[in-house]
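Trainee: Each chain is listed here by its residues.
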Amino acid sequence: MATIPMKENTGGVPNPFAGVDFGQLERSLRRPRTFMDFTLNFVTTLLTLLALVPLFSVVLMLLWRGGQRLGLAIFTSLPPAPLEQGGGFGNAIVGTLVIVGLATLFSVPFGLLTAIYLAQSRTKVAEGVRFCTKVLTGLPSILAGVFAYGVIVLVTGGFSALAGAVALSVLMLPTIILTAEDAIRMVPSRMKEAAIGMGATQTQTVWMVLLPTAMPGILTGVMLAVARAAGETAPLIFTALFSNYWLWEHGKANLMQPTASLAVLIYNFAGMPFKNQVELAWAAALVLVLMVLTANLIGQSLSSKQVQQ
Amino acid sequence: MHSSGSAAPHAGLGLGLVFPARKDEITQAPTPRQRFLDAAFRKTCYAFAWLTVLLVAFIVIRILIAAVPAMRSLGAGFLTGRVWDANAGNYGILAEIWGTLYTSILALILGSLFGVAAAIFLSEGFLSSAVFGLLKKLDMHLNPIAKSLPDQVERLLKELIELLAAIPSVVYGLWGIFVVIPLIRPYCDWLHSKLGWVPFFSTDLSGPGVLPAVMVLSIMVLPTITAISRDALVAVPPKLRMAAYGLGATRWESIFAVILPTASRGIFGGIVLAFGRALGETMALAMLVGNSNQIKLSLFSPANTLAALLANNFPEAGPREVGILMYAALVLLAITLAVNIVGAFILQRASLLHAE
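Protein sequence lines correspond, in order, to chains A and B.
With my numbering applied, the first sequence covers 7 to 315.
With my numbering applied, the second sequence covers 47 to 402.
Warning: the hint list may mix true and false statements.
Capping the alpha-carbon separation at 20 Å, the derived lysine to any residue pairs in SDA-like fashion look like this [stated by the list, open to error]:
| # | chain 1 | residue 1 | chain 2 | residue 2 |
| --- | --- | --- | --- | --- |
| 1 | A | K140 | A | T129 |
| 2 | B | K193 | B | V177 |
| 3 | B | K204 | B | N189 |
| 4 | B | K183 | B | D197 |
| 5 | B | K89 | B | R79 |
| 6 | A | K281 | B | V225 |
| 7 | B | K204 | B | F172 |
| 8 | A | K140 | B | A384 |
| 9 | A | K198 | B | Q80 |
| 10 | B | K285 | B | A295 |
| 11 | B | K204 | A | L103 |
| 12 | B | K182 | B | F172 |
| 13 | A | K130 | B | A103 |
| 14 | A | K198 | B | L83 |
| 15 | A | K311 | A | K140 |
| 16 | B | K89 | A | K140 |
| 17 | B | K204 | A | L303 |
| 18 | A | K140 | B | Q80 |
| 19 | B | K204 | B | D131 |
| 20 | B | K204 | A | K198 |
| 21 | A | K311 | B | R201 |
| 22 | A | K140 | B | A211 |
A few chain A positions that, by computed beta-carbon distances, are all more than 10 Å from chain B [said to hold, decoys possible]:
| # | residue |
| --- | --- |
| 23 | G25 |
| 24 | P60 |
| 25 | E90 |
| 26 | L149 |
| 27 | M221 |
| 28 | A240 |
Only part of the chain B face toward chain A is listed, based on derived beta-carbon distances under 7 Å [what the hints assert, rightly or not]:
| # | residue |
| --- | --- |
| 29 | F167 |
| 30 | F178 |
| 31 | G179 |
| 32 | K182 |
| 33 | L184 |
| 34 | M186 |
| 35 | L379 |
| 36 | A380 |
Calculated from the structure, these hints are not laboratory results.
Positions of the beta carbon are idealized from the N, C-alpha and C atoms, including for glycine.
Next comes chain A alone, as it looks inside the complex:
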C-alpha cells in the first residue's frame, strides 16, 4: 500500500490527503479500464509485428531459395528450354533495363514539364490536371497494358519492347509529376523572388534556380517511379511478351520484337512443373528485388538532400 510519508501532526495543519484512498490511484490490472488498456496494447503490438512477418519471410525465402542459383552463369546465359538443365536469364535483365530505361526517357520530360506548370500556377486548369494525375495514380497496371496493347501492339502489328515501355511510362508518369511538383514547391520562396527581382524571366528562374534546387526531390520521384516500374509484370505480359533470345542480334538492337523481362520470366517459370525453372524463378526474383531496393535506396538517400522551406 502506498502512503505518503508524512511527519507526525505538525501544528494542527489539516492533512490535505485525508480521505484519499491511495490504493485507488495505483495502476492495477484488476480494474477493467486498466485491463482493457493493457489487452489492447498487447493486441496492437502483436498485430503490428505479425504484419512484418511476411516481409521477413519473403526476404529469407529469396535469400535461401534464390541465393542457391546465384552465380555468373545466370547473368550470361539464356533461359533454358523445358527439361534442359542450367541456363540463366541474362536477356531478361537486359530487357528489364532497356524497357524501364525507355519508359523513363518517355515519362521524365513529360512529367517534369507538367510538374513545372503545376507548381507555377494556381488556375482551374492546374487543378484539373492535378485531379487527372491522381486518377492516373489509381489506374490498375493491367489497364496501362491494355492501353499500350491497343495503341502500339495493334497498330504496329506485334509485341515489342516499345509497347512495354509505353505501358510502363503511363504508370511512372503520376509518381514523377506529383513528387516533382512537391519538390519545386518546396524551394524557398525567397530564392524564387530573388531571381525574379534580378529581372530573370520565368524560364530563367525555373532553369537556373528552381530546378537545380529541387533536383534531389525530383530525382527521388524518378527513382521511386523506376523502382515501381521495374517490378511491374501485368502491363508487360501482353505488350513486351517474352523472348528466349537476346535483344540484339548481329550487333544491332531491335526494339520492335518481343522482349524478355525479369518480371515476366518469374511469372512464366513459377507456373512450370520443372525444378530447374522454379529455381531460376527464385533467383530472378532475388535479382529483381535487389534492383528495386537499390533504386528505392538511391531515391531515399537523395530525398535527404532536399532543401526544405
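Model the placement of chain B on the given structure of chain A, informed by the hints.
Mentor: Structure of chain B alone, referenced to chain A:
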C-alpha cells in the same frame, strides 16, 4: 552590341575599384531572344499539362472504342453471364466480377485490421515510449547518443512497413505459391473436414484458391492503409490528445473516444484507395486465385478476377476476343475509377477539415 558594353574596364567611384563591364554579368532586361524562349517554354509546359488530361481521356476512349463492337454483339448479358467458353462463343464475366469484389473485400477487411493497428502503433508512440522506458531502466535516457534511439526505432519500423509495398507483386505471387499455399493447406483441409457445413469451408484447398490470394492481397494493400491512416492520426491536433489524457482517460479510451473519430475520415479515405488498388491488382491474383469461373462462398475454392482474366487471355487473343476482353477491361476501368474518385474525394474533404 552597344558600345557601352565593351570589354574595357573603368574605374569605379574613384576608389580604384575595377568593375568588370562584361555584359552578361550585369542585370539587364531580357533580350528579345530570351523573351521568345520564355514564352515558348511556358507554352510548352502548358501544353504538356494539357497532354496529361488528354492522356487520361485517351486511355478511357481507346478502351471504350475497342470495346464497342463487343458491347453491340453481347450487350448487358455479358455482365450477367457465368460462362467463358471461347469455343462455344459464350462469354460472361459475372464470376469474374464476383471474384474481384469478393477477394478485394476480404483482403480489405484483413488488411484494414492489421494496417490500422500498425498505424495506431506508429502514431501513438507505443514503440518510442517502450524504448524510452527501457533506456530509462538502463539509466541511459539522457545519454546524447541513446537519446535519439526511440525516434530512430520508430522510423525504422515505419520504413520496414513501407518496404512491404516495394516488393513486386509477381514476387509475392511466387512466395504465395511456394510458401503460403503449402503452409496453410493442412489447416484448411482440417477446417473443411471438421466444419464442412459452414459455407466458407465447403470445399478443400487443392492448390490455388481464394484464401491464399486474399492473404497475399491483404499484405499488398496494408502499406497503403498504414501510410494514409498514420498521416491522418498524426494530423489530429495535439490539443485534443492532451485534453483527453488530462481528463484521466487511458491511452485506449482517448484513442477510441477522441483520436479515431477525429481521424476517421482520413482512415476511411485510405481504405477506399486501398480498395481501388486491390480491385486492380493482377499478378498475385493471377498466380494464386486459381482462374476458375465459379461463384462460391468457399474460401478454399478457386475463383477468378477481372484483372487475372485479362492477364491470362490477352497474349493469345484473336481479333474478336480482343474486343471482348476490351469490354471486360472497360468494366474493370469503370469500377476502379469510381472507387478511386470516391477515395480521393473523401481524402480531400478530410484534409480540408484539418485545415479549418
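Trainee: Give me the numbers of the hints this structure contradicts, sorted from smallest to largest.
Mentor: Hints 3, 11, 15, 16, 18, 19, 20, 24, 26, 28, 30, 31, 32, 33, 34, 36 not satisfied by this model.
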